[in-house]
Amino acid sequence: MSDNLTIEDYPLSEKRPELIAGQRGKKLSDITLDTLVSGEVQMEDLRITSQALHYQAEIARAAGRPTLAENFERGAELVGVPEEVIMQVYELLRPGRAADKSVLIEAAKLLRRDYGAAKLADFMEEAAEVYERRGLFTYRF
Amino acid sequence: MLDGVHEADFDMIDYFIARHHIDVAVAAEMMAMPSAMIARQLVDMHVPRTDLVKIAHGLTPAKLAEVVSQLNALEITFAYSKMRARNTPGNQGHVTNAKDDPLQLAADAATAVAFGFDEIETTMRVSRNAWSNAVACAVGAAVGRSGTLFQCSSEEAEELKIGMAGFSSYAETVSVYGTERTFIDGDDTPWSKAFLAAAYASRGIKMRCTSGAGSELLMGFHESKSLLCLEARCLCLQRGMGVQGTQNGGIDGAPVTATVPGGVKELMAENLLAVWLDLECASGNDARTTESEIRVGAKILPYLVAGSDLICSGFGTILKYDNSFNPSLLNGEELEDFLVLQRDFEADGGLTPVREHRILELRRRAVDALAAVFEELQLGIPSKQMLESVVAASGSDETESYSPRDASLISQAIQDRGITVVEVIKALLRRGFREEAENLLAVVKLRIAGDYLQTSAIVRDGRVISAVNDPNCYAGPGSGYRVSEPRRLEINAIRDELDQKEVLRSEALHEAAEQRRILYHAGADAVVSAETTDVVIGISPAFGVKLFQTVGGHPLSQVLGVMTDAIAARGLKPRVVRFKHTADTSFLGLSAARLAGSGIGIGLQAKGTAVIHQRDRLPHNNLELFSNAPITQVEHYRQLGANAAAYALGEMPEPVVVPMRGQAMGSRYHARVAMIYAIETALTAKDARPQEIGVKFLGRMHLER
Chain A
1 MSDNLTIEDY
11 PLSEKRPELI
21 AGQRGKKLSD
31 ITLDTLVSGE
41 VQMEDLRITS
51 QALHYQAEIA
61 RAAGRPTLAE
71 NFERGAELVG
81 VPEEVIMQVY
91 ELLRPGRAAD
101 KSVLIEAAKL
111 LRRDYGAAKL
121 ADFMEEAAEV
131 YERRGLFTYR
141 F
Chain B
1 MLDGVHEADF
11 DMIDYFIARH
21 HIDVAVAAEM
31 MAMPSAMIAR
41 QLVDMHVPRT
51 DLVKIAHGLT
61 PAKLAEVVSQ
71 LNALEITFAY
81 SKMRARNTPG
91 NQGHVTNAKD
101 DPLQLAADAA
111 TAVAFGFDEI
121 ETTMRVSRNA
131 WSNAVACAVG
141 AAVGRSGTLF
151 QCSSEEAEEL
161 KIGMAGFSSY
171 AETVSVYGTE
181 RTFIDGDDTP
191 WSKAFLAAAY
201 ASRGIKMRCT
211 SGAGSELLMG
221 FHESKSLLCL
231 EARCLCLQRG
241 MGVQGTQNGG
251 IDGAPVTATV
261 PGGVKELMAE
271 NLLAVWLDLE
281 CASGNDARTT
291 ESEIRVGAKI
301 LPYLVAGSDL
311 ICSGFGTILK
321 YDNSFNPSLL
331 NGEELEDFLV
341 LQRDFEADGG
351 LTPVREHRIL
361 ELRRRAVDAL
371 AAVFEELQLG
381 IPSKQMLESV
391 VAASGSDETE
401 SYSPRDASLI
411 SQAIQDRGIT
421 VVEVIKALLR
431 RGFREEAENL
441 LAVVKLRIAG
451 DYLQTSAIVR
461 DGRVISAVND
471 PNCYAGPGSG
481 YRVSEPRRLE
491 INAIRDELDQ
501 KEVLRSEALH
511 EAAEQRRILY
521 HAGADAVVSA
531 ETTDVVIGIS
541 PAFGVKLFQT
551 VGGHPLSQVL
561 GVMTDAIAAR
571 GLKPRVVRFK
581 HTADTSFLGL
591 SAARLAGSGI
601 GIGLQAKGTA
611 VIHQRDRLPH
621 NNLELFSNAP
631 ITQVEHYRQL
641 GANAAAYALG
651 EMPEPVVVPM
661 RGQAMGSRYH
671 ARVAMIYAIE
681 TALTAKDARP
691 QEIGVKFLGR
701 MHLER
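Heads up: the sequence lines are chains A and B, in that order.
The first sequence runs contiguously to residue 141 in the numbering used here.
The second sequence runs contiguously to residue 705 in the numbering used here.
For reference, chain A alone in the conformation it holds in the complex:
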């Protein structure tokens, strides 16, 4: 993408529908009751793509909301991550779950390697540092 989207492109579903597709490439106009009944459209087609989240991040930045954009970008990295893995990582990030820093660092490595989730991995490494300094790896009874 050379030209970033602006707030003029928002809402994308109205202004730039050609940019939007479900996870298997279905356009919004392809997703109807008829295609749903015929089985052509399934649950996977009703999910957001990392591309759409990147578009929304561009719009958020254009609207002066950089932190929201970063969340969308972290979200984009999680689009392809299965629910179980998301739940495991979430659980590890909760206080006292990981016994020490290395567990979080390992999980971050896995996210980066298997899912290309670089931003999230950085985010987890940062958490690991802070948890260690604040003694959050203590087991909670």
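The hints are simulated quantities; they were obtained by calculation from the structure and are not laboratory data.
Nothing here was measured: the structure is a model prediction, and the numbers come from that model.
The beta carbon of each residue, even a glycine, is placed where N, CA and C say it ideally should be.
Careful: at least some of the hints might be erroneous.
Covered stretches of chain B, going by a simulated chain A footprint (3 or more residues, C-beta under 8 Å) [to be verified]:
no. : stretch
1   : 186-194
2   : 428-439
3   : 477-487
Quick list of in silico lysine-lysine cross-link-like pairs, DSS-like style, CA-CA up to 30 Å [said to hold, decoys possible]:
no. : chain 1 : residue 1 : chain 2 : residue 2
4   : A       : Lys-15    : B       : Lys-445
5   : B       : Lys-161   : A       : Lys-101
6   : B       : Lys-161   : B       : Lys-426
7   : B       : Lys-546   : B       : Lys-686
8   : A       : Lys-109   : B       : Lys-161
9   : A       : Lys-26    : B       : Lys-161
10  : A       : Lys-27    : B       : Lys-445
Dock chain B against the given chain A, drawing on the hints supplied.
Below, chain B without anything else, positioned relative to chain A:
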């Protein structure tokens, strides 16, 4: 350094705020601005919202709190109105019931949607009923119109799963706390919550956090920081996490905060902090802070006039006892009052009055739709009786429907079989609920483009509006959100409106009965009598013609009957005269007195206001007056007749006093009285001569003149 803490000593909250929230490029400049100056800018309509947002992002939590604490309640309200992110106000409602009955959830969801709630939120009495609640509300919310966002508040992992299955479209129970210890006792950290926020985004589900005064207090670790400062920390965290919005203003902590002096003002200040930081704000007005109706009304008013992204983060759309979150500030019991408040102040609280027959139609449609889904997906076969009981019920006390245990079995089946929104949409369609299938699909489709993930997004008329395409650009009178003419008409259309047609219709109901009791025979023009025994009762133009009972509910025949009897009982002659040149009580009485040989007359309006007058007195200086017709009883009219007779005989009787117990007569009756009086005045004619009226009381022996 952040609020007196060196970087080396940062706790995890300080660190997260410094690292992810504060705009270091401008922080030095903004922190150097005097708090009083920033406070003034917040209420200065010439300083744009965008400038103030930039300032906020350069301030530490303590400084943010310090600025806002300089504002009084009115200034906070004004600043809130100026700073809130989206232009168009909205509202959120709770849809729950004491039995977790899915049929009632569907009916109540459809009802809430009809009233215009932009978001509805459910929760359970029994936590394992989450899936049943989710399916029921999702189906109910698809009845009538599309676009209401729905949340199923449950355990965090489960809530996310319900969202992934396509039933819910937003989440807001991701709690954030202002101290490290409280955060940890909440079993999370800023990083784990931020991860959850990213997870919701990755599934195309709208999300906001929850925070609010009192939570750290209730959870025991407040580090002696002020409530406002703790909340500022929470809000800075939320923005740092990249969450689009918050639910704050004391949520579960609101009742404890309201017990503290200035607590309610503090809650408002919290909401201001949120919008100043450019977060969507579901502005509390959630947990009921008091049993006092006055304090409830006072609490909501600033938000109603200021407007808010979501005025309540849970208006109880159901009756109090059905609210599984515990009673809200406003509940089903107060819904009509809220609609009237919107009308009184011409303020948009996000809701629209709906007629009863329409609500019944929608409720029926909702339970039929859910029953169809249950049958198609083999989740149950609700009986006709169950459906009927729910459609007509105002709450779960009146239903014969599913029990919490039934709901658990349904919930378990939905979960075990991995039923998603796709199966539900197909089931609706198979059973002919095409519109509902379409509506439900439209809400699920929102997540593909993710437009509703942006700040303050809701769906109106099938379109996503948010702080991006509907920003609040308030810059003084005439700018910002204004109630449009069509919207004003919607807001005005409350139930039980009284108009002249309605008054005449209700009078007509009494007309037939009066015709069986009394006959008025119009005679010759009335002249001054020479007989000293003659007492005139002057009746008004519409008396017995278009109006047939007093506002106290007494038939005019009875009022006239007891008066004439009381006069006759003293050996005097009651004479009835109709005046058409005036409808005013005093002039009716004075004109009657002038025609009477005794010089004493009674003026009697159809609404029941009565006066005793004497021929030589000034019009408004009468002998006795019954001005409070609604509380004037038949016995009082009889005594008035007796006193008129006594004056005619030269006695000085004890004036009749109608006891008044402080009823707000004006508010109860003035609208009706104004319309009744208009009916009277419409029959007046400037030069109309007074007319003798022969009165015949039917069914009893009486004089006829």
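Review point. Going straight from one Cα to the other, do Lys-546 (chain B) and Lys-686 (chain B) come out at no more than 30 Å?
Key: holds, 19 Å
Review point. CA of Lys-27 (chain A) to CA of Lys-445 (chain B), is that 30 Å or under?
Key: Roughly 11 Å between the alpha carbons, so the hint for Lys-27 (chain A) and Lys-445 (chain B) holds.
Practice item. Quick one: see if chain A covers the stretch 477-487 of chain B, three-plus residues with Cβ-Cβ under 8 Å. Key: With 0 residues in contact (Cβ-Cβ under 8 Å with chain A), the coverage given for the stretch 477-487 of chain B is violated.
Point to revise | Satisfaction of hint between Lys-426 (chain B) and Lys-161 (chain B), Cα-Cα up to 30 Å | key: Holds, because 20 Å separates the two Cα atoms, which is no more than 30 Å.
Point to revise | Straight-line alpha-carbon gap Lys-161 (chain B) to Lys-101 (chain A), limit 30 Å | key: Holds, because 28 Å separates the two Cα atoms, which is no more than 30 Å.
Exercise for review: Starting from Lys-26 (chain A), check that the Cα of Lys-161 (chain B) is at most 30 Å away, please.
Suggested key: This hinted pair holds, its Cα atoms lying about 23 Å apart.
Check your understanding: Checking C-beta pairs, does the stretch 428-439 of chain B have three or more residues closer than 8 Å to chain A?
Key -> Three-residue rule met by the stretch 428-439 of chain B, so holds; n is 4.
Review point. Regarding the pair Lys-109 (chain A) and Lys-161 (chain B), is the alpha-carbon distance no greater than 30 Å?
Key: holds, 25 Å
Practice item. Check, residue by residue, whether the stretch 186-194 of chain B contains three or more positions whose beta-carbon lies closer than 8 Å to a beta-carbon of chain A, and give the verdict. Key: holds (count 6)
Check your understanding: Holds or violated: are the alpha carbons of Lys-15 (chain A) and Lys-445 (chain B) at most 30 Å from each other?
Key -> holds, 16 Å
Hint compliance for this structure: hint 3 is the single one not met.
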